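Asker: If you're matching them up, the sequences are chains V, R, C, E and G in order.
Counted from 1, the first sequence has number 345 at position 345 by our numbering; the numbering is strictly sequential.
Counted from 1, the second sequence has number 103 at position 103 by our numbering; the numbering is strictly sequential.
Counted from 1, the third sequence has number 74 at position 74 by our numbering; the numbering is strictly sequential.
Counted from 1, the fourth sequence has number 358 at position 358 by our numbering; the numbering is strictly sequential.
Counted from 1, the fifth sequence has number 75 at position 75 by our numbering; the numbering is strictly sequential.
If you're looking for bench data, these hints aren't it; they were derived computationally from the structure.
Note that the coordinates shown come from a computational prediction; the quantities given were computed from them, not determined experimentally.
Treat the hints loosely; a few may be bogus.
Claimed, not checked - Output of the computed footprint for chain G on chain V, the stretches with three or more beta carbons under 8 Å from beta carbons of chain G:
#, stretch
1, 17-23
2, 121-132
What the hints assert, rightly or not - Derived EDC-like pairs (lysine to aspartate or glutamate); straight-line CA-CA distance at most 16 Å:
#, chain 1, residue 1, chain 2, residue 2
3, R, Lys96, R, Glu23
4, R, Lys460, E, Glu110
5, C, Lys26, G, Asp103
6, R, Lys96, R, Glu464
7, E, Lys27, E, Asp80
8, R, Lys157, E, Asp582
9, V, Lys418, R, Glu464
10, V, Lys418, V, Glu350
11, E, Lys72, R, Glu149
12, V, Lys144, G, Asp103
13, V, Lys348, R, Glu343
14, V, Lys349, R, Asp101
15, E, Lys578, R, Asp226
Backbone N, C-alpha and C fix where the C-beta goes; we use that ideal spot for every residue, glycine too.
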Amino acid sequence: MNLIIFGGLLGVLMMFAGILLKDKRQVSMVALLLMVALAVLNAWEMNHGPVFHVNTADMLATSRFNLLLNEIMLGACVIYFLLSGRDIEKVGNYVAEYYALIFFIFTGVGIATSYTNLLMLFLGIEIISIPLYILTGADKRNLKSVEAALKYFLMGSFSTGIMLMGIALIYGAGGSFLLSKFNLQFTPISYNLVGGLLLILVSMAFKVSAVPFHFWTPDVYDGAPTVFTSFMATIVKVAAFVAFIKLFEGSYGIIQEKWQLVISIIIALTLLIGNITAVFQQSVKRMLAYSSIAQAGFMLFALFAFNFWAREGIVLYAAAYSLATIGMFAVLARMEDFSFEGFNGFAKKEPVVAFAATIFLLSLAGIPITAGFFSKYYMVASALAGGGKYLWLLVLAMLCASVSVYYYFRVIQAMYFKTGDAVAHAVTPAFKYLLVAVAALVIILGVMPQALLQYLYF
Amino acid sequence: MILVSFIFLPLIAALISFGIKQESVAKTVSLLASLAVLGIVAYELTLPAGSSALQYSRIWLGSINSNFSLLLDGPAKITTLLTAVSFVVIFLATWKNSYADVNQYYGLMLLTMSGLMGVFLASDALLFYFFWELALVPVYFLCSKWGGEKRIPVTFKFFIYTFVGSVLMLIGIIYLYNKTPDQSFAWKSFKAVVLINKEQLYFFWFFFVAFAIKMPIFPFHTWQPDTYETAPTSTTMVLSGIMVKMGLFAVIRWLLPVFPEMSSKMGNIVVVLSIIGIIYASLIAIRQDNIKRLIAYSSIAHIGLMNAALFLHNGYAYNGALLQFFNHGINIIGLWIVVDIIEQQTGIRKMSELGGLAHQAPRLAIMLVVVALANIALPLTNAFVGEFLMFTGLFQYNVWYAVVAGISIILAAVYTLGMIQKVLYGEKNERFAVKDLMPLQSLALLLIVAMIFIAGVFPKPMLELGQAGVKAISAVVMK
Amino acid sequence: MNISLIAFWFLSALAVFSSLMVITRKNPVYSVLYLILTFFAISGHYILMNAQFLAIVNLIVYAGAIMVLFLFVLMLMNLNKETEQQKNKYLLWSSAIAGGMLMIVLIAALDTPYPQMLEKPGAGNFGMIQNLGKALFTEYVVPFELSSILFLSAMVGAVVISKKGD
Amino acid sequence: MKLAPIIPLLPLAGFLINGLLRNKLSKALTGIIGSGVVLIAFVLSFLVFNSVKAGNTQIFNLFDFISIGNLKIPFEFQVDSLTAVFLLIITGVGFLIHVYSTAYMHEEDEPNFARYFSYLNLFVFSMLLLVMGGNYVVMFIGWEGVGLCSYLLIGYWFTNTEYNIAAKKAFIMNRIGDLGFLIAVFWMIQVFGTTSFSAVFTQLPGNISTTAITGITLCLLIGATGKSAQIPLYTWLPDAMAGPTPVSALIHAATMVTAGIYMIARSNLLYVLAPASMHVVAIVGLATALLAATIALKQNDIKKVLAYSTVSQLGYMFLGLGVGAFTGAVFHVMTHAFFKALLFLGAGSVIHAMHHQQDMRFYGGLKKMLPITHATMLIGCLAIAGIPPFSGFFSKDEILAHAFEANPVYYILGVIGALMTAFYMFRLYAMTFLGQNRGDAHHTPHESPKAMTVPLIVLAVLSAIGGLVGIPELFKPNAHKLSDFLAPVFEDANQYMAHHEAPAHSTEWMMIGVSTFLIVVVIFVAIKRFSNAANATKEAEGVGKFLENKWYVDELYDAMIAKPLMALGSFFNAVVEKSGIDRLVNGVGKAVQFSSRQLRLLQSGNVGGYLLMMVIAIILLIRLVFYLKM
Amino acid sequence: MPINYYLFLAIIIFSIGVTGVLTRRNAIIVFMSIELMLNAANLLLVAFSKLVHQRMAVVEPTNLMAGIDGQLFVFFIMVVAAAEVSVGLAIIVMMYRNVHNVDINFLNRLKN
């Protein structure tokens, strides 16, 4: 609740800051402070409840689960500001506005993670999407950016249309928009409801870029300014996932068999396409775009069987994935050349940065001692907890995981084992220390995930 | 508590070594660390069975009930001892080798050591898998950074190949976890798992393939010769001497006790595979001109025999295999040391281009002959007892298997003597000047030779180390 | 065959026809005009279903504001001639077929054997503005407020993107 | 008697000292150490011999070698009369040959000289281990040990590649035999649960299946054929002549090659209980004896002749074992050790004098120049030819007599073999010492130093009178010392052996007479024929060529076994490995890359296409959910 | 009349919108087709809200507000649509500024 209210307020505040402060650095500072404040407020809500008590007419309901996930996203965003503030300033003149939009997005995140009413889901998703269209197109002179914005916008609103159709059908079936009112009990299950759920599934799958609704992802991630790609690929994606899970955790237990089949197909496709297509990419940025699809495939396991493992798993995954990806993009944004060759001999030039990047890549690949291992582990475990019915899916997932090793390690090879002169700009000591700190965080999570997971309880 | 130091001593040393810049200091640190570990291991071995210092456990992941629990049973004793000894010897033997970024090199070596120790000690499935992967990563860096030509693709193949194997095992682990009575990863609970036949079938193979790739046994072995050839020699020593034991050890701790019926049902297939591998690898070894590849293939043959022995459900074979864990490690490391010295000095791997070294480096020649003869299990060398017992078991399992596998004894003689002849004998070779052993190298090799003969003449202590493990799982192993 | 049924059929036919026109006209300006026609038809349906307020809003917001905006943009870019080049034939046809398939599949899927009947219009006046207003400012006040943030961000975005000078 | 375990340790010590200090010690010192330890060992063996004669056999359990569960294989020694005999032969002959070597190897520089002696000591150590071992495993240890030493000594001049190859061949052929031995041991462990002689034999005959015993004995026989150069594994021995001549004398004539006989004699009880194996042994022995003899007829390299004669004599010993004449076999081992060592050393002396010329076609007329060598070698030739009263006569006669009892055909063939033996031995004698010198004129060979001639004389004496320890019943009742001495070892066997009635004395006399007469005739023919240069140097053709090329057995083995294996190896290496398994593995990776390249094309960059695919996906999903009944 | 009529009508218009999106290349027309889709949803919602209303009227006749939320949802959809249109047109204008073209396939740098 705090997140929603203060997200909006601080957003407005940012805009004023933009008017008052001329220096971009200061704007970034303010943004950082406000984001920290937002994180603190959310943390406050975790322990002491919201600041303002609003009667939401049971359209919003917070739980420890989604608050923790919000906290993770906020924390990730703080790190994101720390690492990439400089790059945000480089994008264009409207730095304050960009920050403001990010705050607005967080309002949307707050809604999308705590809605109990499809109207709120719809609003939340829109409040997230619309600023993103803009951020994607923020680099106005760059045709890639423009193209990405157009594609993202058209396809995004297309999926919105589909979602609305779905909501309408669900309303027709249940006579209400409340998740709690999905009265599927009476048989035969209303066709409208199934159709509606299906269409919402499609649109949400689009938001989390699950195959075959992923087509926007590589182009948009590739075209958007790298900083905002990083933001989209991590925080927004996690938010979308939480929304997705909330939508189904209540409803779909009833028609699980069908849903599991559908979702298992989607997962399989996502893993296959995501991983295999990433193998042949030439640009690291685009490779990361595909890898984000692949990672989504793993996160989808949380929907596949929403149980204890999935709850803990998605939390862990959100943290691990966001940290690693943000870190990796932060390094990438500093690079002269985004292609794999651009990383040749990077370890010689910037050993510290290269080391951190290696940790991030290992984490993405899911190698033990990094957070990535346990996040993947929990996901697989969640799917297996229901028995070996979908063993083929797990085997596939694991094989894909080993395919993913291929393209992540290509970067490591370029950095360490190939000779070349990789050029990186503006690698300040502060930046290095931050990176190392993030890497350390990744490792800590990888060795004792409990440190994070414990917040799910008490 | 002491057990923890097996893992963390090398780890800390590794971190220190990463920090150090001077070459000599880094080397000293690693040597001291390995010596310290050796000391501790030796102390642990003296402890009576059932002593509290032989196991350690504390909560790791409470919510999923996985503990950081270590156990030093018979097989673990042998493998940990092997690890400790080998690293000391390796560091001694390669003391004079110079590497770029030497501190990183030694740091990674120590990381590998700690990972290996973890694998051998872990008595918690998740922890085991954790270390299983962990031991692999530093090796990947070692091979790809300091290896020979074609190192990057070769190492990459090795890494992904083994990775594929282990991820399947991960599925198995999780599945078994769900089946455990008390929902825990503890070794005990895993042994208590009851599975229906089909599950056993699947997950037996999931586990076995992971281990088989690591060992490696036919037909999962193709990564191995290339990797041994390209990897820096001291890494190759670790790979061939210790890492292959990971797979065999894992079979003992995680396969036989967990899938008793299936491992006796499938035992025959595994044994046949191994025997095919033995002959196959030996025949290929005969045709090798590259000395490193020759040793690689001979190693495949030996590993195949050990693996077969583990699945015979026969006490003799089992003991023999355990004994051979240690001895094979020592012998092959000895071989690599000699090969390394030769390559360091001549830069040649092709046996056809070598020759006549016995004139220039008699001490080296003697060492090579001794180690090579140990490698073909000549009596009174260490390998003899192990192979003798394994063959005894194999014979009792199936006469014809024993006879076929026995042919490898002859083939081994063929390629080993061929190697000795091509490398050492013949006219004095004028194309290169070879200096004889340096003091440290001699020391390392003398240690190895000493172990070869001591273990060869008095195998009893080592056998008794293994005995404990045999008793521990005799219920499953000896039908 | 009462008046409302006739109205329904007429409006439906009009809506479908005009929307078809929207997507088939070469000249974008025609498309816009047909779209407005469609909106009128749909508003008519709203009235048939006692959603008088929505009918008006639909006309004002959509047919009025949004479509004018469209027209405005079109004129601005003077795209009011048939400049659009065609997609290649296969893609075109496959797209058309896909759309048709979607329709057929959805209808087939959602067709219920014994559908409920809608009463004649005029029964009850719950679509009137006072009811809507009451609901909007009592239980739907939170989304109402939040939509302001949506507008705010949209506004900011529009400014950021389309402001001249860099 | 208590000292018995010391005996093997002495040569071991010698090996270590000479081996480790090879750069420090002077030749003299090395020689003294090398020979000294063997001498001491000989003395000790003599004490042991006496105490055994007093009739006590003893088992020394040194330490547990292997003990798993109920399988206990201690490191134990067993000393009884059979062992004692071999102890004496090994240490005695060994000592003489050590002494001989000090002179023969004198050109070598210190380190190699020391290396040579350390190898020699190591060999003696292993051989002692072999004969003293109290169970088959310890025996096997010695068994492989001697194989190793023979490998090292054959390849002693490692600069020469042919020698190395010969050494390798010897070791590998032995290994083939060893595999048989090992399998026999495994079998014993399975059947008897132990490998100690005492424990095994006490279980016999018991209710052990005949198949088991036959199998075990046949496997042991394979081992024996490997070590004792019998068909089919004999081809290594002639090549083994690459080694220094004293080595040939010690290893490839006197001691190591008799290990097989020792082993079979040791397991006599097993063999007796497996008549089939006995026949196999006899036939193998006889066949080898004849084959080798025929080949020896046409060899020109002096050492090759002796080598084949060794093979042939070993064949006789196997024949003896096969027909149950265990004592005879051991007896022949002893006498053969004497005269064959003598002959080899003599040949060595000749070669030494002829500056390492080994081809007899360049000898001739050395009688005057090497008087001692000539005299001693003549005795040796007479002994091996079996002229009474030289030692060879008694031992060979005993074997042939038993052969006759078993089967007259054996006897006939045996005699033919004996005739050939006499022929080629005196061919050698004549070509070497008679006629006129065919070597290069301008240097005259002269007699070897004392260190070489003294052993020759000693051995000559032994081969002259050595036979007297086994005078057959025929001449003088129960004067057969050796058989009395060995009786305890073979007594159990005798009671299970099929007893043939001994032939009448008259027939025996007749047989001896005839055979001796024929032999004498053959000798004179040989001397007559090969004293003149023309015949000596004549190129062999026809059958002769065939024999000179050793029946092309080496080529046969090469074509039948070695080449196919090599081919298989290269096939695996080139085809199965590279383009089979490995390509499969890489193929997976390639497939992924390929599909990646294809899948990229889905991402056409065209919004319409994307949306189209999405819509199609939606349609399929709806189809799936609504029309898939679950 | 049966609710299905409205259901089908909505679906038809929706599908026409989809077809438009798929077939046209002019960004603005594509966008208009999307608006068509939204309106189809609106129509359906209104129809259902009436249905719900009269269903509830049977259960509790006093509650006049029953089913009102359907219409309110339509209201919000219009709100969002307006916002989207503003941003969307802004983006299209931006594209036009850069390349003087509104063909969605004109910009095709990002692929594979």
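Asker: Give a verdict on every hint.
Answerer: Hints and how they fare:
| no. | hint | verdict |
| --- | --- | --- |
| 1 | 17-23 | violated (count 0) |
| 2 | 121-132 | holds (count 4) |
| 3 | R:Lys96 to R:Glu23 | holds, 11 Å |
| 4 | R:Lys460 to E:Glu110 | violated, 39 Å |
| 5 | C:Lys26 to G:Asp103 | holds, 13 Å |
| 6 | R:Lys96 to R:Glu464 | violated, 37 Å |
| 7 | E:Lys27 to E:Asp80 | violated, 37 Å |
| 8 | R:Lys157 to E:Asp582 | holds, 11 Å |
| 9 | V:Lys418 to R:Glu464 | violated, 49 Å |
| 10 | V:Lys418 to V:Glu350 | holds, 14 Å |
| 11 | E:Lys72 to R:Glu149 | violated, 51 Å |
| 12 | V:Lys144 to G:Asp103 | holds, 15 Å |
| 13 | V:Lys348 to R:Glu343 | violated, 28 Å |
| 14 | V:Lys349 to R:Asp101 | holds, 14 Å |
| 15 | E:Lys578 to R:Asp226 | holds, 11 Å |
The structure shown violates the earlier hints numbered 1, 4, 6, 7, 9, 11, 13.
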